[in-house]
Amino acid sequence: MQRFLDLCQDVALLWQNYWPGYLNGVKNTLILALIGTVIGCVIGLVCGILNTIPYSKSDPAPKRFLLKLIRIVVRVYVEVFRGTPMILQAVFIYYGLPYFTYNAVQWPSVWAASILVVSINTGAYMAESVRGGIISIDPGQTEGAKAIGMTHFQTMTSVILPQALRNIMPQIGNNFIINVKDSSVMFIITFTEFFAFHRYITGINMMYFPSATVEMIGYLTMTLIASFILRWVEKRMDGSDSYELVQADQLTMAAGTYTHPDKGTPFDERSKEHRERVRQELKYGRPKGDR
Amino acid sequence: MSELVLEVRHLSKSFGSNEVLRDIDFTVSKGDVTAIIGASGSGKSTLLRCINLLETPTSGEILFHGQNVAARGTDPCAYRTKVGMVFQSFNLFNNMTVLQNCMVGQTKVLRRPSDEARATALHYLEKVGMAPYINAKPRQISGGQKQRVAIARALAMGPEVLLFDEPTSALDPEMVGEVLTVMQDLAREGMTMLVVTHEMAFARDVSTHVVYMNQGVICEEGTPEQVLGNPQKKETQDFLARFRGQ
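Protein chains in written order, with numbering that gives the first Met the number 0: chain A, 0 to 290; chain B, 0 to 245.
Calculated directly from the structure, the hints in this document are not laboratory data. Just so we're clear, the structure is a prediction, and the values are computed from it rather than from any experiment. A few of these clues could be false.
[Claimed, not checked] Covered by chain A, per the in silico footprint, the following chain B stretches (three or more residues, Cβ under 8 Å): (1) 8-21; (2) 47-60; (3) 65-77; (4) 82-92.
[Unchecked claim] Just the calculated beta-carbon pair ranges, DEER-fashion: (5) B:188 to A:75: 53 to 63 Å; (6) A:53 to B:207: 43 to 53 Å; (7) B:183 to A:131: 26 to 36 Å; (8) A:242 to B:172: 18 to 28 Å.
Yeah, the Cβ is synthetic: ideal placement off N, Cα and C, and Gly gets one too.
Isolated chain A, as found in the complex (with noise of 0.2 Å):
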């Protein structure tokens, strides 16, 4: 018991000394995350848009060429950066740059490289969500698209794409979530993110315990925060579940004219039409599919 009072105790001094570095780390660690996913998604939207061109063997050559050249190249990537650690990607990419020009090209800052590599690291992830999402929709909503006279990109981008990114709002959730944790790895080129700087106060004070306590708080506050963002967006893209019955005659309204009360629409009560229905519902029920 004594041990958690000194606990809050150290935890309550160290903020108290070192808020705005602590404040500091969050904001780089939640711009980085953001910026990253962001750029991450639109390179795996790229991917995975090209991915799923169809060809056939009816194409010509050089189009099942190129289309079969691009599938390779995105697979490449994918594999690369899926499967190599993201830590060592960082640190390849940093040093990479000035060991092949002799320095003569540094990175400008270690923002751009750190922004860099957590993009293509998340590119890599969603180019496979993303193709997931497309192949995943019912390929009835590609041929109805097709049956109104779509292209395949107007097929894409009005029926394919909407309903596919909102399947795939759970995977940029689970990237950005996943981002923001592990951009801590950027410390290994000196970028000054939220972990960055629980090594450098423990540097000098060596409360580490205390120190790493503000940052699993600090992490988790993060994530917790994001999920419960990420879930509001997507009731909100769902829309809502009801919807409201059209009373009125939309064409006259439409056209601006004027109807006159006594006229009335099939949907008006006095109606001859309303009348009739009302009568064949009472002789043979409601039929189902009417509400």
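Given chain A, put chain B in place with the hints provided.
For chain B alone, kept in the frame of chain A given last:
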């Protein structure tokens, strides 16, 4: 003799080594309502899908106003706006409302301004009795209602020919009627239609032409009276007898 719209010549389709359609020949004139009947697996749906170019024919020609649309290099999209299709499984766009479903093809493919597209969509939705439901999503309406919206969606593109691929097969019995009524009205207004169906009453009463398919070939064709009333071939007689026996 009215104007020829569609002409199918020596059409064949194989999936791998499996030959589904063999040397199909038939024509559709303006205003014809052709019912294609036959047992499951006889190639009816494949034939319809070939006509819409959803399947690429292995060989043969499909002439639309004299132009071969099955030839390599022809743009299927422009052709498909002229030949609408209604599917067994509706295939309404799940991410759009009923109204948007009927508008998207007009605005994106035909490039109509959206108020014109809206008016056209409402006109056809009214016609199929779905105007009150324009704000509903496909998952919120019944099967029969979905199919009526699908018909309105196809009509909104202003097609010359409508293809129906077993439009009532996925519906509960009590909803079949509402869809057939809509189709019957269309036929009466002179829409050229090609209907794959198991509804013998529809074939008998509404169609002007009946095609009986068996194992990938057209076994018998003619007027409903000829094919349904007085079938000449043994296969047709057996098929119809089996249907009546049910």
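Do the hints match the structure? See the list:
1. Given a C-beta distance limit of less than 8 Å, the hint that chain A covers the region 8-21 of chain B is violated, as 0 residues qualify and 3 are needed.
2. Here's how the region 47-60 of chain B fares: 3 of its residues keep a CB closer than 8 Å to some CB of chain A, so the rule of at least three is met and the hint holds.
3. Evaluation of the coverage hint for the region 65-77 of chain B: fulfilled, as 4 residues show C-beta separations to chain A shorter than 8 Å, against a requirement of three.
4. Coverage of the region 82-92 of chain B by chain A holds [criterion: at least 3 residues with CB-CB distance below 8 Å; count 8].
5. Range check, residue 188 of chain B to residue 75 of chain A: Cβ separation about 57 Å, and the 53 to 63 Å hint holds.
6. The hint said 43 to 53 Å for the Cβ distance between residue 53 of chain A and residue 207 of chain B, and at roughly 37 Å that hint is violated.
7. For residue 183 of chain B paired with residue 131 of chain A, a C-beta distance near 43 Å fails the hint of 26 to 36 Å.
8. Here the CB-CB span from residue 242 of chain A to residue 172 of chain B is close to 26 Å, well matched to the stated 18 to 28 Å.
The structure is inconsistent with the numbered hints 1, 6, 7, although it conforms to all the rest.
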